[in-house]
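Turn these sequences into a full structure, and let the hints guide you.
Read off the chains here:
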Amino acid sequence: MIRKIKSASLVVATMMAMNSYAQDAATTAVAAAEKAPESIGSNPLFLSMAVLTGVLLMVIFILSAVLRTSVKTRVREAINSRTVQSIVVLLMLAGSQSAFAQAAEKTAESIYIDTPIGNMHPLAFYSLFGVLIIELFVILWLCLVILRIIVKKEEVSAAAANQVKSGSAFSTFISRKIFGVKPVEADKDVLLDHDYDGIKELDNDLPPWWKYGFYMTIITGVIYMVGYHITGTFKLSNEEYDTEVAEAEAKEAAYRAKMAMNVDETNAVFLSDADKIAIGKDIFMKNCVACHGDKGQGIIGPNLTDNHWLYGNKPGDLYKIVKNGTNKGMKPWKDDISAVNIQNVISYIHTLKGSNPAGAKAPEGELFEDEGAVASTAASDSTAASTVKDSVKSLEVKL
Amino acid sequence: MNNKETFHYDNKIVKWFAYATMLWALVGMLVGVLAAFQLVFPDLNLGLAQTTFGRVRPLHTNAVIFAFVGNGIFMGVYYSLQRLCKARMFSDTLSKIHFWGWQLIIVLAAVTLLAGFTTGKEYAELEWPIDILITIIWVVFGWNMFGTIIKRRERHLYVAIWFYIATFVTVAVLHLVNSFELPYSMMKSYSWYAGMQDALVQWWYGHNAVAFFLTTPYLGLMYYFLPKAADRPVYSYRLSIIHFWALIFLYIWAGPHHLLYTSLPDWAQSLGTVFSFMLIAPSWGGMINGLLTLRGVWDKVREDVVLKFMVIAVTAYGMATFEGPLLSFKNINAIAHFTDWIVAHVHVGALGWNGFLTFGILYWLIPRIFKTDLYSKSLANTHFWLGTLGILLYAVPMYWAGWTQSLMWKEFTDDGSIKYQFLETVVRLKPFYLLRSIGGTLYLVGAIIMVYNLIKTIKSGSAVNDEAAEAAPLTDEYVPHHKEHWHRWVERKPVQLMILSLVVILIGGIVEFVPSFLIKSNVPTISSVKPYTPLELQGRDIYVREGCYTCHSQMVRPFRSETARYGEYSKAGEFVYDHPFQWGSKRTGPDLAREGSLKLRKSNSWHFNHLYDPSTTSAGSVMPKYPWLFENDIDMDITEAKIKAMQTLGVPYEVGYEKIANDDLKKQAEEITADLQKEGIKAMPQKEIIAVIAYLQRLGTDISAEPKVSQK
Chain B
1 MIRKIKSASL VVATMMAMNS YAQDAATTAV AAAEKAPESI GSNPLFLSMA
51 VLTGVLLMVI FILSAVLRTS VKTRVREAIN SRTVQSIVVL LMLAGSQSAF
101 AQAAEKTAES IYIDTPIGNM HPLAFYSLFG VLIIELFVIL WLCLVILRII
151 VKKEEVSAAA ANQVKSGSAF STFISRKIFG VKPVEADKDV LLDHDYDGIK
201 ELDNDLPPWW KYGFYMTIIT GVIYMVGYHI TGTFKLSNEE YDTEVAEAEA
251 KEAAYRAKMA MNVDETNAVF LSDADKIAIG KDIFMKNCVA CHGDKGQGII
301 GPNLTDNHWL YGNKPGDLYK IVKNGTNKGM KPWKDDISAV NIQNVISYIH
351 TLKGSNPAGA KAPEGELFED EGAVASTAAS DSTAASTVKD SVKSLEVKL
Chain Y
1 MNNKETFHYD NKIVKWFAYA TMLWALVGML VGVLAAFQLV FPDLNLGLAQ
51 TTFGRVRPLH TNAVIFAFVG NGIFMGVYYS LQRLCKARMF SDTLSKIHFW
101 GWQLIIVLAA VTLLAGFTTG KEYAELEWPI DILITIIWVV FGWNMFGTII
151 KRRERHLYVA IWFYIATFVT VAVLHLVNSF ELPYSMMKSY SWYAGMQDAL
201 VQWWYGHNAV AFFLTTPYLG LMYYFLPKAA DRPVYSYRLS IIHFWALIFL
251 YIWAGPHHLL YTSLPDWAQS LGTVFSFMLI APSWGGMING LLTLRGVWDK
301 VREDVVLKFM VIAVTAYGMA TFEGPLLSFK NINAIAHFTD WIVAHVHVGA
351 LGWNGFLTFG ILYWLIPRIF KTDLYSKSLA NTHFWLGTLG ILLYAVPMYW
401 AGWTQSLMWK EFTDDGSIKY QFLETVVRLK PFYLLRSIGG TLYLVGAIIM
451 VYNLIKTIKS GSAVNDEAAE AAPLTDEYVP HHKEHWHRWV ERKPVQLMIL
501 SLVVILIGGI VEFVPSFLIK SNVPTISSVK PYTPLELQGR DIYVREGCYT
551 CHSQMVRPFR SETARYGEYS KAGEFVYDHP FQWGSKRTGP DLAREGSLKL
601 RKSNSWHFNH LYDPSTTSAG SVMPKYPWLF ENDIDMDITE AKIKAMQTLG
651 VPYEVGYEKI ANDDLKKQAE EITADLQKEG IKAMPQKEII AVIAYLQRLG
701 TDISAEPKVS QK
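Protein chains in written order, with our numbering: chain B, 1 to 399; chain Y, 1 to 712.
It should be emphasised that the hints constitute simulated quantities derived from the structure, not laboratory data.
Any given hint could be a false lead.
No farther apart than 30 Å at their CA atoms in a straight line, the calculated lysine-lysine pairs in the DSS-like style are these [stated by the list, open to error]:
id: 1; chain 1: B; residue 1: 286; chain 2: B; residue 2: 331
id: 2; chain 1: Y; residue 1: 300; chain 2: Y; residue 2: 96
id: 3; chain 1: B; residue 1: 182; chain 2: Y; residue 2: 419
id: 4; chain 1: B; residue 1: 361; chain 2: B; residue 2: 334
id: 5; chain 1: B; residue 1: 211; chain 2: Y; residue 2: 483
id: 6; chain 1: Y; residue 1: 419; chain 2: B; residue 2: 188
id: 7; chain 1: B; residue 1: 188; chain 2: Y; residue 2: 666
id: 8; chain 1: Y; residue 1: 666; chain 2: B; residue 2: 251
id: 9; chain 1: B; residue 1: 251; chain 2: Y; residue 2: 599
id: 10; chain 1: B; residue 1: 211; chain 2: Y; residue 2: 493
id: 11; chain 1: Y; residue 1: 419; chain 2: B; residue 2: 258
id: 12; chain 1: Y; residue 1: 151; chain 2: B; residue 2: 200
id: 13; chain 1: B; residue 1: 251; chain 2: B; residue 2: 211
id: 14; chain 1: Y; residue 1: 599; chain 2: B; residue 2: 188
Take a look at the structure:
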């Protein structure tokens, strides 16, 4: 008896541990949703997988309870302890899986996602998926064990009928209050006088879990309707769409900004954005005036306002010089000025062309015709161009 | 009792329906296997219009639902109703008319569907003359059933009969309302409803065809055959009362869950979701009552193949009715809808619940009617395992395919463009489709073994066509000898029971339909949306005829992944002239709602080549070739009737336009032909392909012609 209660409490403790895991996972998900621009919390795939994980957990909980209640006779004690031990082990495993999933989610924020699955980090996806599979196996296995016990019970039911039923308070609660389980032998007490071609009917109560489950779905239904159509708490399809698009645009912008970090001599362009040029000017004023003059008129270094260039007039040419310096004495700036800002500087320099400042230094280098290659918009990378190209291509390829 | 009457149960009609069930099971499944393989090897259409996927798929669904399951229902009802009423069927003549009428409908359905006569509305594809025939035969069935119930010798109606009655009235209502159509020729008609309203009516019908043709009658059968086979009392009478009324009341509302994120008004979508969710408990009520009835005989389940089939059937029912409500939630629906997930879901229901329950009943029934033992238990066990394996091999790859497809559709590259072209998703799914076909084949092989086994059984016995029975007739006075449950009253009153169930099932439909039809704001008018030109209308009818909707949706949902791929999401106002709507339910191919828009528009020559041989423009496509469109002439004699019918339905063609419609048709056809000529393609303007091209190029263009949405 004591052993039974002990094992029962073990199950409960494990369940509680599982619960706190689940809660942790939920909190992490919420936190992630708040922090990360990707907002994994609003990811439908993640949500459905998380909900499914929860539902399956509940099923496992219920099945374990059923198992507890089905196992009553001495004969089954042996199975019982083995069963409980295995459940504990498996649940621990599942628990560690969800902890793993949390870790994965955390990593998802820091590491950049290369090949996300349904907008989830693959690690997060596979961990959740793994948890789901393990839960399914636990359920399947529990079902098998229960079935085996039930079948065996049928076989020894005659013997069992004579035995005084004694279960722990917990198992009685589960069997009576939640499942409304009555032993087969009690059927005769609820047998109705109905007889249809030999078919008789029992007057068993509605299973409480079924009845309260039904109420729960009705309440959920009311909340759903009120939330969508009266209080407007939940977003309707078109609002959902607007949010989705806005989020995606923000993410895209962030990505593009990030991509700009990778600007180099091969893809640099002259920007025309006023704010980018202002940044460039700022850096120019701090770092370049010493040699090139405050108006780019040239002091030690050459005049930057005319059409003569020593190393070429293309954005990439200028970029390379700023980045790597020259053997005539200009230092490499790559460790001082970020890639984006190098581009901003050369963009500012480009605006000085033809400004004819007072005291301009004599031209040096070759004369270039004004073919300046000005990029029209902010597009700071090559992706814009390739996107257009891709979409043209997709038009052709699409079914 | 001493005043017992002797009478005979009519087993002959049960036997006939059992034969028909077996025959149509094999036919329906064989056609299904063909359709499944065609999605991997499109050339399996044998180059014939009649055996192309778009026509074969409706044949498969109709054959399985109305021929296989339909005959299964009648077999079970005719057997159990007589015994539950302690009376022979009301009229042997009506039974015969019912039987032969139903088989005639099936044969006509098969012929007309393959010939391309279809209304274009799923599971209601049959054209108006057959619709009328169905109505007549259904009334014969109801008449026969009620006649039997009226002259019964059993005071109270058993729960199985409640389900039969609810089935009868609801299917009648569903069929009549959804088949409201305007004939314009001997074999063709246009749906009375258009666009969003047509979609709402259609999915109210479609969903409740599942509910009241595949579910409620089968629950009735379960309530008779399961306790019979297990020899156990039904677990809970009270549960059966509550789950019956709750089920039929709630089911009827749930249709809009097939239209989540579409142009259906949000309030109707939400009703669909919440009523689907509330359906879990009533659906499970049936499963619980079935499974708990088996308490005490689980050891028998291991031995008895009939019970094994029934247990799997009830379990599959429980799984499918739990999954259904989950799929009705918007966030899950957003993943599942239009993918193979839905195909997997319905097949768990059809193969598991309907298939296995029918098999169980057949294995139980045939030896009883023929007073013999089953020919081979081991063959039946083989069938059981083949069937189970078949279901698994069908469902698992389809679930996997569904998720794969959905994830690929929704995947973006980091710079915000779509990662996969639609065609890539198609090619990716081929292995899954192949596995599914093998699963389906296994299931079919199992069914063939069953038919062999049953034929052997039949040959070893001799039919008891008229089975003697005796019972006392009902007395006029009824005095309950003790306090009884309040529900007993209605169990004594079949007519009241029928009227009550009619009222219960009408509520949901009325609440959803009336505002959708009467309140203007549900379909915001878009002034730039104009009726189709005669050529486009002809093209549209060919599109319907070829069953293009079985693979192509016309509904861009408000998801970034769809607007990026297809353009602006669809609005209800765009479909006001669509009789019938063609939103579709599955995307084996891409959505076509905006096929003619600037974003997606292809040249006329592209469509010309693509329809002639899809692999020339889209390598790896599983779309079949449509060479007959290049041979057949447009039926210009019918243009006038079509335009007239459209006018009657409220499509604003000018008065008298029907007389000159063909002039416009020819003019537009010449233009397209001239354009094709420019690209070096010689085409004749009177061919069907020109009409199809015209239609495809029109799709989704109106909204951008003059974007002016006015909401009154």
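The hints, checked one at a time:
no.: 1; hint: B:286 x B:331; in the structure: holds, 15 Å
no.: 2; hint: Y:300 x Y:96; in the structure: violated, 38 Å
no.: 3; hint: B:182 x Y:419; in the structure: violated, 57 Å
no.: 4; hint: B:361 x B:334; in the structure: holds, 26 Å
no.: 5; hint: B:211 x Y:483; in the structure: holds, 25 Å
no.: 6; hint: Y:419 x B:188; in the structure: violated, 65 Å
no.: 7; hint: B:188 x Y:666; in the structure: violated, 81 Å
no.: 8; hint: Y:666 x B:251; in the structure: violated, 51 Å
no.: 9; hint: B:251 x Y:599; in the structure: holds, 24 Å
no.: 10; hint: B:211 x Y:493; in the structure: holds, 28 Å
no.: 11; hint: Y:419 x B:258; in the structure: holds, 20 Å
no.: 12; hint: Y:151 x B:200; in the structure: holds, 22 Å
no.: 13; hint: B:251 x B:211; in the structure: violated, 46 Å
no.: 14; hint: Y:599 x B:188; in the structure: violated, 72 Å
Hint compliance for this structure: hints 2, 3, 6, 7, 8, 13 and 14 are not met, and every other hint is.
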